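2 protein chains.
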Amino acid sequence: MFSKHRGMLAAMLCASMGILIGVLVGHLITPSITEEDKKIIMTYQKLIEDKWASETEETQMILDLISTTNLRNNLKELSRKPHLAGTARDDELAMLIKQRFVAAGFDTAELVPYEVLLSYPNHTDPNLITIMDGSKKVVFTSKFKEEVLHEDDNDPDLVVAFNGYSPAGDIMTQPGVGVIYVNYGRVEDFEKLDKLGIDVTGHVVMARYGKIFRGNKLLHAEQRNATGVILFSDPRGVALEGTDPKDVYPNSFWLPGTGMQRGWATTIQGDPLTPGWPSTKHAYRLDESEVPLPKIPCQPIGYDDARAIMEKMGGRAPPVDWVGGMKGIKYNLGPEMLDEYKNYTLRLQTNNFLRSVNVSNVIGTIKGSVEPDRYVLIGNHRDAWGYGAVDPSSGTAQFLETARVFGQLLKKGWRPRRTLVFCSWGAEEYGLVGSTEWVEEHLEKLQARAVLYLNTDTCAAGPILTPSSSPLIWDSLVKLTKMVPGVREGKTIYDEWAAYHRAKNQSSPQLETLGSGSDYAAFAFYGGIPSMELLFRTDKNKYDISKYPFYHTGYDTFYAVDKFIDPGFRIMQGCGRLASLFLKYFGDSALIPYGLQQLSRAIEENLNKVKDNGKGATLLKIYDKFPLLEKSAQNFTTATAIFARKLDSVKDTLDPVTLRAVNDQLMKMEQVFIIPTGLPGRPTVRHAIFAPSQFDSYAAAGFPGISDLLYRIDDLQGEELSKRHKEIRRHISDLTILLQKASGLLEDFNLI
Amino acid sequence: MFSKHRGMLAAMLCASMGILIGVLVGHLITPSITEEDKKIIMTYQKLIEDKWASETEETQMILDLISTTNLRNNLKELSRKPHLAGTARDDELAMLIKQRFVAAGFDTAELVPYEVLLSYPNHTDPNLITIMDGSKKVVFTSKFKEEVLHEDDNDPDLVVAFNGYSPAGDIMTQPGVGVIYVNYGRVEDFEKLDKLGIDVTGHVVMARYGKIFRGNKLLHAEQRNATGVILFSDPRGVALEGTDPKDVYPNSFWLPGTGMQRGWATTIQGDPLTPGWPSTKHAYRLDESEVPLPKIPCQPIGYDDARAIMEKMGGRAPPVDWVGGMKGIKYNLGPEMLDEYKNYTLRLQTNNFLRSVNVSNVIGTIKGSVEPDRYVLIGNHRDAWGYGAVDPSSGTAQFLETARVFGQLLKKGWRPRRTLVFCSWGAEEYGLVGSTEWVEEHLEKLQARAVLYLNTDTCAAGPILTPSSSPLIWDSLVKLTKMVPGVREGKTIYDEWAAYHRAKNQSSPQLETLGSGSDYAAFAFYGGIPSMELLFRTDKNKYDISKYPFYHTGYDTFYAVDKFIDPGFRIMQGCGRLASLFLKYFGDSALIPYGLQQLSRAIEENLNKVKDNGKGATLLKIYDKFPLLEKSAQNFTTATAIFARKLDSVKDTLDPVTLRAVNDQLMKMEQVFIIPTGLPGRPTVRHAIFAPSQFDSYAAAGFPGISDLLYRIDDLQGEELSKRHKEIRRHISDLTILLQKASGLLEDFNLI
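Which chain is which? The protein sequence lines are A and B, in order. Residue 246 in the numbering used here sits at position 202 of the first sequence, and the numbers go up by one each step. Residue 292 in the numbering used here sits at position 248 of the second sequence, and the numbers go up by one each step.
Treat each hint with caution, since some may be false.
Each computed DMTMM-like pair below joins lysine to aspartate or glutamate, with the alpha-carbon atoms no more than 25 Å apart [stated by the list, open to error]:
id	chain 1	residue 1	chain 2	residue 2
1	B	LYS690	A	GLU384
2	B	LYS411	A	ASP708
3	A	LYS586	A	ASP288
4	B	LYS82	A	ASP699
5	B	LYS236	B	ASP199
6	B	LYS489	A	GLU674
7	B	LYS695	A	GLU771
8	A	LYS712	B	ASP708
9	A	LYS690	B	ASP151
10	B	LYS767	A	GLU674
11	A	LYS255	A	ASP699
12	B	LYS653	B	GLU121
13	A	LYS83	B	ASP699
14	A	LYS181	A	ASP331
15	A	LYS655	A	ASP759
16	A	LYS82	B	GLU79
17	A	LYS669	B	ASP331
18	A	LYS767	A	GLU791
19	A	LYS669	A	ASP606
20	A	LYS690	B	GLU154
21	B	LYS82	A	GLU79
22	B	LYS325	A	GLU771
23	A	LYS770	B	GLU334
24	A	LYS90	B	ASP94
25	A	LYS770	B	GLU79
26	B	LYS83	A	GLU80
27	B	LYS82	A	ASP759
28	A	LYS489	B	GLU648
29	A	LYS767	B	ASP331
30	A	LYS489	B	ASP699
31	B	LYS584	B	GLU334
32	A	LYS770	B	GLU159
33	A	LYS120	A	GLU102
Read the hints as simulated data drawn from the structure, not as lab findings. Computed from a predicted structure; not experimentally measured.
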């Protein structure tokens, strides 16, 4: 479409340059074009121009401009000091980011503060686990900070180890009693203990990190009446090549024995005191007593300390797969200590406190030239548990470089079709606080105007692209990764991504929906805004670990990134290039490039997954109209196919208003799955189809309401069971209607 | 804007007609205009054209075409037979309406059925109230149908008197015990009885119609443990010039003694079995036992029967203002009968039953030429308790004539800018069922696309225009009523409307917000769609009555309308002209003609009303941040003023996409006040500012959440009071944030 108009413009230009004879001869009866006509034609062309298709030069500029030197410098400054949310250094970085937006020539750049409830440890009286012998002599004291091993990890302001929102507490065990080892603290782990006759009531439990979100570990322990929780990093997840100093940081990217994973430990997202509403200055707050914050203390430790505790524990041997990577000791379940420690006691002391703090998001915008009220957003959180070189500063380094590059384009006169919004989030590490409050404040606007929310939290934890997103984004992910050079010469990111999956015997790169755990949650699961998370992670073909080893510890330093994770900064460069292309692709394409058919395909696939393991038969038994849900999903697939075909045939001839109308229609396709009152029992999770299940906040799940309602249904009887059956019937009916609505949005259309 | 372009077109036309010399001489260096240029210019002009401003001829056509003859013929056919929801005649009328849409040349016309739970009486065993003497001999039996008084009211299919959704029941009083008279059945009436030491527990109560919605009367009685309810029409409300046959129908428009007001008597809206979700064929339904339907029988009677009961009642005399218009008897409160009836008993028998019924809406559309995905909707319900000549067929007659006239325009090649949607609702009389289910099914679409919902239920119950609407519509109401001739020669509807208010010593016509009671409820209060109700009612300066006398009785006949209410059909003609102009004005104006500043003004005014009677001081005492709410309202007023000024300066130069963007922004201004989970304790009423209060469904109220939370707060103590205080603080905070959001939608705009 564009080239056609460009040709016409060229003809006009020739004519005005004096080649008039032919025009005059050939068009004697044609009226001449007036200045006003010209203005109309130019405006019209601008309104329908596909800037993505027409501006290949600018696209190449973006790829060229993202600089590894700048990324390295950015990261160095960002991770120079610890920058926990609510501290002075976090505020400094907020100012720095704002200044970068201003320097880049953004149209707006502002700090947006919220007053939120955060949680801190006591630095003069840090959290401790101690073991005393029969004479009350302390024979073991846990570390509260990592041992200093390199100049990059020696800042005195590093926060002492703690879990956010776990309360102050002081638990002392009976003589000869220690902890109960609960493996990962999953539901199935506690059930295994039940079968073994081990009751955690009244005991401190000790769980290794991994498999599920730490907040759920604490919750499960609390639900089973434990009195305290100790979380530790298992060498099997963080030190796969040995725990000797030569095998770990600063000599490798593996975690030393004093590395402690901090992290928030509730399942609440956003400011706990203002659920569903923004924590603006004067907003009403719940009393702290009304909020389901954890009631029992929880403390993270390194594997050195974990070993010191575990080696003293007696009781039964755990199931064989519960044995982790701590060498030279025998794992026992407890709670009793070994005979030689029969008069010993264990004490868990935490001194955490809650505090209302002003935390700022930094919001910068580049105003769109044609549709300033349509937003393509990119977000990254700023706060870190320590130096945060990987999490989140690898993302922040990229975010700042992306902002700079768009500033360069602005300076040469370019503007996107739609408005680009850059969001530096505060207090993500406390439960996605900054982004959640902002979405709560701007929900109506975002639902009406947001085209894409692109999240980059940790950008580079390793070399492997592991994106997750709304299925609407999948097609563009394939398209754009093919345009960006990979780390290896001559390869694209797509090539490397595909090679990784080929090595796992997968025929093509895996496209995944969003799990929980970062700032896209409020956008995607509360607002229904198509969202994406860009992440390069550890190579699982090499090391089967779920997080990079330094995650949330005091060793997540510039040195570690520069030396081990992304030397040369090519991964971060790829991340920045990809993020920038996403902004330009969704910001400049005339027609919003959602992959509508991927959405319906993913819905059908996820529904099939829900039916796996005999659950389909169960659902059919509970509700004989369950097949209607499948039918609705199939109908939606048909509707998307018909729509795509129709759209394809007319998309080059749409007038500007119809173009916008079609985009409006597309922008509702994910929001239609939002249930205003939320999923059953979950008012803040409202996406009926793609949202994490309730019982493991890290996992992605299709149809989370069904999974949640089927969860442990076999344990129910009588009244409870019949109530649950009703809920299931109702929810399946609701889902069926939502899918019919989605088809309806496409079918009764009349636009094209 | 348009005239400018029209001028340009004219110039082009001249040029192509051969006046070429000047053009060639004057514009030698101008390139010529190509066919493609022309197409672009034409399209562009179409996209920005203000069809309302440019098509004055079509506007006049509308005024000319609405025909009193057609209106009369329509009404005659519509009210020829009773057409209760779910009966064959209602289905016939649905088909008739569909055929009219087809005949008019609408782009679509379809029946949209829902399977819903309705309620019916037993025709072979109708509901009765009887009084028996000591020997069980029946000395009084209530009427179950109106006495036939005219050929227009003699159809055997007229439904026997009952109240929808009140259950079957058979209540027999003790000897000498009758009913307790409870005045209007309001909360304050029951409180008055409390003060008088009269407890309704275990008794049948008798209430006159009026003041509040009948569903609330029944609810109040049930909450106070009454065993049954008798509702009657007070002559003071329905027969103001005497109850002799000569003074009432068929000799006047006053109600005869056997006229019985039927009507639904729950506070549920929409199908009771599918709250919040559409009753599509396969939707999951609640069990009837789960729904809060009335538990005690309720039956309406005429004033002849009411007198026969009341004259037998003993007990204390009622407060003087409880005495109604039944002459020649002494009003007593009961429950005991007068001494002469001391062995008499009273029996209330109802045989109502619930039934799932297919009820259809009829939806017809005229597709918009520029923005087919923007809807201007008009709705009218079709079902009636009897012949329904006034309610709703005066509205239906107008609705059909409006459809016909737009068909005439279509046939001469005209099309509106936006899509017009004509909705004939089913089962309004059972709790706004058809419209509620349809809004529930299409909520997301309507919230994204609907510009205006115009409701015409009863169109002509009398000569006085009494509109109510979102404040966004008020300006257009004044503008359009000035364009439509009134009933009197040389007067406009505006003149007559203003004259009525002048007679009440009001300086200008009263602009009111929506109360509850008709099909706009789901649009306005659940969806936040700007809505309006058009209604001409009885002249209150002449007769102080709240409803027209035949309301919901068997005398609401064609004869009554033709003879007394709208002879000549000039009122209905005015209604049709006004409705049609509204459709054209909102369907054709380039910029949606909302009166944004009326919205902010109404918010401030209503907030002031909330503060009346010392409530402001109470609120301040409960929440010291209450003034922030006032401040937010003032800020919103400022924001609307600035916006209006800016818009005014640029509105003639907007390009088509910016024009649409500004309209998009305006379309969110009311929706932003929707709280997704509803007002405190009211999941289906979600409009935080303009919605009826919970305790009187007929009344309009600003800030209903505050009113509801303050209601009877003085009765609370301790824990309950402190809980209520918290709810109030939270709700005030929520309202403050909503108003800030509203300002934010205007302020951070960047479009203009």
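Practice item. Starting from LYS83 (chain A), check that the Cα of ASP699 (chain B) is at most 25 Å away, please. Key: holds, 11 Å
Exercise for review: Sort out whether GLU79 (chain A) lies within 25 Å of LYS82 (chain B), counting only the CA atoms.
Suggested key: holds, 14 Å
**Study point:** Hinted pair LYS255 (chain A) and ASP699 (chain A), Cα distance within 25 Å
**Key:** Not OK: LYS255 (chain A) and ASP699 (chain A) at ~51 Å, beyond 25 Å, violated.
Review point. Are LYS767 (chain B) and GLU674 (chain A) close enough, with their CA atoms no more than 25 Å apart?
Key: Cα-Cα ~45 Å, so violated.
Check your understanding: Taken at face value, is the distance from the CA of ASP759 (chain A) to the CA of LYS82 (chain B) at most 25 Å?
Key -> Violated - the C-alpha atoms of ASP759 (chain A) and LYS82 (chain B) are around 73 Å apart, more than 25 Å.
Check your understanding: When you check the alpha-carbon spacing of LYS325 (chain B) and GLU771 (chain A), does it fall within 25 Å?
Key -> holds, 19 Å
Review point. Taking 25 Å as the top limit, are the C-alpha atoms of LYS770 (chain A) and GLU334 (chain B) close enough?
Key: Given that 25 Å is the threshold and the Cα spacing comes to 11 Å, the pair holds.
Check your understanding: Does ASP288 (chain A) lie within 25 Å of LYS586 (chain A) when you go C-alpha to C-alpha?
Key -> The given pair, whose Cα atoms are some 20 Å apart, holds under the 25 Å limit.
Practice item. Assess, step by step, whether the Cα of LYS120 (chain A) is no farther than 25 Å from the Cα of GLU102 (chain A), and give holds or violated. Key: With Cα atoms ~29 Å apart, LYS120 (chain A) and GLU102 (chain A) exceed 25 Å; violated.
Review point. Are the Cα positions of LYS690 (chain A) and GLU154 (chain B) separated by 25 Å at most?
Key: holds, 24 Å
Practice item. With a cut-off of 25 Å on the C-alpha distance, tell me whether LYS411 (chain B) and ASP708 (chain A) pass. Key: holds, 18 Å
Exercise for review: With a cut-off of 25 Å on the C-alpha distance, tell me whether LYS767 (chain A) and ASP331 (chain B) pass.
Suggested key: Roughly 12 Å separates the two Cα atoms, so the pair holds.
The structure fails hints 1, 5, 7, 10, 11, 12, 14, 18, 19, 25, 27, 31, 33 (numbered hints given earlier, in ascending order).
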